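J.: Generate the whole structure from the sequences, applying the supplied hints.
2 protein chains.
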Amino acid sequence: MTASHRVKLKPGDTIGILGGGQLGRMLAMAAARLGLRCQVFSPDPDSPAFDVVLNATCAEYADVEALELFAGDVDVITYEFENVPAATAMVLAARRPVLPAQKILETTQDRLIEKDFVKKLGIGTADYADVSSIETLRAAIARIKLPAVIKTRRFGYDGKGQAIIREGDDIAQVWQDLGTKSAILEAFIPFDREISVIAARSADGAVECYDVTENEHRDHILKISRAPADIPEELAAEARGIAEKIASALDYVGVLGVEMFVVQGAGGPRVLVNEIAPRVHNSGHWTLDGASISQFEQHIRAIAGWPLGKPVRHGPVIMTNLIGDDINDFERWLTVPGATVHLYGKGPARPGRKMGHVTQVGAIPPKSG
Amino acid sequence: MTASHRVKLKPGDTIGILGGGQLGRMLAMAAARLGLRCQVFSPDPDSPAFDVVLNATCAEYADVEALELFAGDVDVITYEFENVPAATAMVLAARRPVLPAQKILETTQDRLIEKDFVKKLGIGTADYADVSSIETLRAAIARIKLPAVIKTRRFGYDGKGQAIIREGDDIAQVWQDLGTKSAILEAFIPFDREISVIAARSADGAVECYDVTENEHRDHILKISRAPADIPEELAAEARGIAEKIASALDYVGVLGVEMFVVQGAGGPRVLVNEIAPRVHNSGHWTLDGASISQFEQHIRAIAGWPLGKPVRHGPVIMTNLIGDDINDFERWLTVPGATVHLYGKGPARPGRKMGHVTQVGAIPPKSG
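If you read the sequences in order, they're chains A and B.
Read left to right, the first sequence gives residues 1 to 369 (this note's numbering).
Read left to right, the second sequence gives residues 1 to 369 (this note's numbering).
Treat the hints as calculated values from the structure; they're not laboratory data.
Remember, predicted model here, so these are calculated numbers, not experimental data.
Don't take each hint at face value.
Where chains are identical, the list cannot tell them apart; a pair therefore holds if satisfied intra-copy or between any two copies.
[To be verified] List time: in silico BS3-like cross-link candidates among lysine-lysine, alpha-carbon distance up to 30 Å: (1) K310 with K223; (2) K10 with K120; (3) K8 with K160; (4) K181 with K10; (5) K145 with K160; (6) K223 with K10; (7) K145 with K10; (8) K119 with K223; (9) K120 with K8; (10) K245 with K120; (11) K310 with K181; (12) K119 with K10; (13) K10 with K310; (14) K8 with K310; (15) K310 with K103; (16) K120 with K145; (17) K8 with K181; (18) K245 with K310; (19) K145 with K8; (20) K119 with K181.
T.: This is the structure in C-alpha cells:
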C-alpha cells in the first residue's frame with residue numbers, strides 16, 4: 001500500500017502545489033472549482049499562481065524549514081514541473097503524500113532512464129545512445145547516423161539543452177557547447193506529425209485519456225494544438241494505448257502528457273514516443289474550454305483520491321499559444337467570436353515566454369487581421 | 001462623461017469585489033483567467049471568495065477606513081450582491097469607479113422604484129401597488145384581487161420577505177408578520193414558465209445577451225436552469241429585447257439578470273418582468289461550461305473597459321443547483337459522464353444554502369440513482 005492509496009480529500013482540504021507558473025495557477029483554479037484550497041510553493045515572488053490562492057510560500061526549494069512548514073499546512077502535495085529537486089521531494093514525501101510519486105521524477109528527469117523505461121515496455125522510440133564523452137559521441141554517431149539530436153540528459157525544456165548535429169558539423173565543438181558530460185544522442189525523426197496524449201490515472205488504476213492532440217511547434221515551443229488529431233482512429237487508439245501503458249507501468253497518480261511522433265513505416269504509419277511529461281501539459285490546455293472536464297481538474301481529482309471524470313469534448317478544438325509579443329494581440333483575440341482567451345498574469349513578455357493561450361471550439365472562424 | 005468611461009484596465013490591474021460569496025468567487029476566477037487580479041471585501045472571515053485571491057479585506061461595510069484602504073488598493077470596484085449599502089457605495093465611488101454605477105442600486109434595491117422604472121419603459125409587469133399601512137394594503141387587495149403577493153420593498157431574496165395572500169387569509173396578521181411599513185403588493189401571476197435573460201453591456205453601449213434561460217424554483221430557490229428556453233424564437237427575441245432596453249435605460253456597465261414570466265394572453269404568450277438583478281445571476285451559471293465566454297467573464301470585461309465577447313453556446317445546457325444537503329451527492333455527480341461539478345468551498349450545508357452546481361452540456365444523459 002503506497003501513500004497514494006491513503007489520500008482522500010474532503011471539500012475544504014488543502015493541496016500543496018510546487019511551482020508557481022501558469023500550470024500551477026490553472027491547477028489551483030481547477031481545485032477551487034471543486035471546493036478545494038491550494039497553497040503554492042515557489043521561490044519567485046512574482047509567481048502567477050500566487051494571485052489565485054489565499055496562502056503562498058515564497059522560498060527556495062532547498063529551504064528545508066519552509067518545506068516542512070508548507071507540508072504541515074497541506075493535505076497532499078503535487079507539482080507543476082518535472083524538475084523538482086530530489087531532495088525537495090524527499091523532505092516533503094516524509095511528511096505528506098507527494099503525487100505523482102517521487103520515484104516517477106527519477107525516471108522522467110533523465111532522458112536516458114526515461115527512454116530505457118519506454119523501450120522496456122516494448123514501445124517504439126527514436127534510436128538513442130548514452131553519451132558521456134567525445135569518444136562515446138563519435139561512436140554513437142557512427143551507429144545512429146546523422147542528422148541526429150544531442151540532448152542533455154537532465155533539465156531540458158522548450159528546446160533548451162539540445163542541438164541538431166548534421167553532416168559536416170564540428171563534433172568536438174558541439175560537444176563542448178553542450179556543456180555537460182551526461183547526454184543522449186537520438187536519431188533525427190523525419191516525422192509526419194507531432195501528437196500527444198493527455199492521460200489521467202487514479203490511485204485505483206482507472207485511466208482516462210483525452211482525444212489525441214496534434215501539435216505544431218515554432219522555435220521548439222508549442223504554438224498550436226488541435227484536437228482531435230487528423231489521424232486514423234486505429235493509430236489514435238494505439239497512441240492512447242501507449243499513454244495508458246506508460247501510466248500504469250509508472251503506477252502513476254495524476255495527469256501526464258506523452259509526446260509522440262507519427263512516422264511512416266513499411267507497414268503504414270506508426271507511433272514513436274518522444275517524451276513523457278509527469279504533469280499537466282501545454283498540449284492539453286484545450287481541455288479547459290473544449291471538454292466538460294479539463295486536464296487540470298482530472299489531475300486534482302486523481303491526487304485528491306476522487307473519481308476521474310468522463311470528459312466529453314464539445315467539438316473540434318484549436319488552441320493557440322500566446323508567446324512573447326503575441327500577448328500584445330490579446331484585445332483582438334477578445335473580439336473573435338467563440339474564442340476563449342486565457343492570460344497568465346505574467347510580467348514582461350520576454351521572447352519565448354508563454355503569456356497566455358486562446359481556445360476555439362466548434363467551427364473555427366478564419367482569423368481576421 | 002461618467003466614471004465608467006474612464007476605466008480601461010491593463011492585464012495585472014486589480015479589481016475590487018464587494019461580497020465574498022460564490023458569485024464573488026466566480027467573478028474573481030474569471031478575472032484571473034484574463035490576467036487580472038482581484039481583492040475581495042467582505043465582513044465574513046469564512047468568505048468563499050477569499051480562497052481564490054491573494055489579497056482580501058475582512059471588514060464591515062460601514063468601516064470607512066477599511067473601505068478607503070480597499071479603494072486605494074484597486075483600480076475599479078464592482079459587487080456581487082445588490083444590497084450594497086448606499087453609504088458604502090458612496091465612500092468607494094468618491095475614490096474609484098464603481099461599476100455598475102451607484103445610482104443603479106437605488107433603482108434595484110427597492111421593488112417599488114424598480115417596478116415603476118420598468119413600467120415607464122413600456123415593459124409589462126404584474127399589477128402592483130405601494131403598500132405602507134393596513135389601510136393601503138386593503139385598498140390594494142380590492143384593486144388587484146387575491147391571490148396576490150406581498151413583498152418588502154427592500155432586502156428580499158430567495159423568497160425571503162414575501163408571502164402569498166389568499167382568499168380568507170387574516171390580512172391584519174399578514175401585515176403584522178411582514179414586519180415593515182414599506183411594501184408592495186403584486187398580482188399573483190399564473191405563469192407558464194419562468195425565464196431569465198443574462199445581458200452584458202459595456203460602457204460604449206454594446207449589449208450581448210445570452211440565450212434565454214428557463215428556470216425551475218423549489219421553495220423559492222432556483223433549482224434548475226435550462227438553455228435555450230423551450231419558447232418560440234419570437235418570444236425569446238422579445239425577452240432579449242426587454243433585457244437590452246433595461247440595460248440601456250440604466251446606462252448599465254456589467255452583467256445583469258432579468259427574471260421574467262411567460263404568461264398566456266389573449267393574443268398569445270407574452271413576457272412580464274418580475275425582477276432585475278444588477279449582478280451576475282444564478283440562472284447564468286450554465287455559461288461557465290456551456291458557452292465560450294461566461295457571464296462572469298463578460299462582467300469582468302465590461303467593468304475593465306474591455307470589449308464584450310461573442311459567446312457561442314456549446315449545445316443544449318442544463319444547470320442543477322446543489323442546495324443544502326444536495327452537496328452530499330457530489331461524488332455521484334463527479335462520475336456522471338459530461339457533467340461539470342462546481343463546489344463553492346462553503347462551510348456547513350444549511351438548508352437552502354447554495355453549496356454548488358452542476359452543468360451538463362449536449363445530450364443530457366438520464367440521471368442514474
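J.: Now, for every hint given, state plainly whether the structure supports it.
T.: For each hint, the structure was consulted:
no.	hint	result
1	K310 with K223	both (27 Å within a copy, 24 Å between copies)
2	K10 with K120	neither (38 Å within a copy, 51 Å between copies)
3	K8 with K160	neither (38 Å within a copy, 38 Å between copies)
4	K181 with K10	neither (47 Å within a copy, 46 Å between copies)
5	K145 with K160	within (22 Å within a copy, 78 Å between copies)
6	K223 with K10	between (37 Å within a copy, 24 Å between copies)
7	K145 with K10	neither (55 Å within a copy, 52 Å between copies)
8	K119 with K223	within (29 Å within a copy, 53 Å between copies)
9	K120 with K8	neither (33 Å within a copy, 57 Å between copies)
10	K245 with K120	within (11 Å within a copy, 67 Å between copies)
11	K310 with K181	neither (45 Å within a copy, 54 Å between copies)
12	K119 with K10	neither (39 Å within a copy, 49 Å between copies)
13	K10 with K310	within (21 Å within a copy, 37 Å between copies)
14	K8 with K310	within (19 Å within a copy, 40 Å between copies)
15	K310 with K103	within (28 Å within a copy, 46 Å between copies)
16	K120 with K145	within (23 Å within a copy, 83 Å between copies)
17	K8 with K181	neither (43 Å within a copy, 53 Å between copies)
18	K245 with K310	within (19 Å within a copy, 41 Å between copies)
19	K145 with K8	neither (51 Å within a copy, 57 Å between copies)
20	K119 with K181	within (23 Å within a copy, 81 Å between copies)
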